[in-house]
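Asker: Sequence:
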Amino acid sequence: MPDLREELTDAPYTPPADPLEKQVAEIIASVLDIDKVGREDSFYDLGGGSMQAIRICARAEQETGLTVDPLTLLENDRLVDFVAELRGANSTAATES
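If you read the sequence shown in our numbering, its first letter stands for residue 1, the second for the next number, and so on.
All the given hints hold, so there is nothing to weed out.
Simulated restraints on C-beta separations: (1) Pro15 <-> Arg87: 13 to 23 Å; (2) Ser91 <-> Asp33: 29 to 39 Å; (3) Gln62 <-> Asp10: 28 to 38 Å; (4) Pro15 <-> Asp77: 12 to 22 Å; (5) Gly65 <-> Pro12: 24 to 34 Å; (6) Arg55 <-> Ala89: 15 to 25 Å; (7) Ala11 <-> Asp33: 16 to 26 Å; (8) Pro19 <-> Thr67: 12 to 22 Å; (9) Lys36 <-> Ala84: 16 to 26 Å; (10) Asp10 <-> Thr67: 28 to 38 Å; (11) Asp10 <-> Gly65: 30 to 40 Å; (12) Ser91 <-> Asp10: 25 to 35 Å; (13) Ala58 <-> Lys22: 13 to 23 Å.
Note that these hints are calculated values from the structure, not bench results.
Predicted, not measured: the structure shown is a model, and the values here were computed from it.
Think of the CB as a built atom: it goes at the ideal place given N, C-alpha and C, for glycine as much as any other residue.
Please construct the entire structure, taking both the sequences and the accompanying hints into account.
Answerer: Structure representation (structure tokens):
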């Protein structure tokens, strides 16, 4: 099976840097039906849209236990930015409790 990621984006592949990035990258790849997602890959360049964002965020919330808002993915379309926002939003929520 060819790597569709290479056909969809010009960004060089940079692998996820930690377990959470890896987990979220695998979820995105699964929902978008592509081989892999790198840290610098844009969700939009990989073929993502609002319906896929909802599916990705629902799975990410279920699998990670973090609160995940689809708008966060739509506004932070690179994996590295999306995961950073998830960490920030969830650490802020934890300290406010």
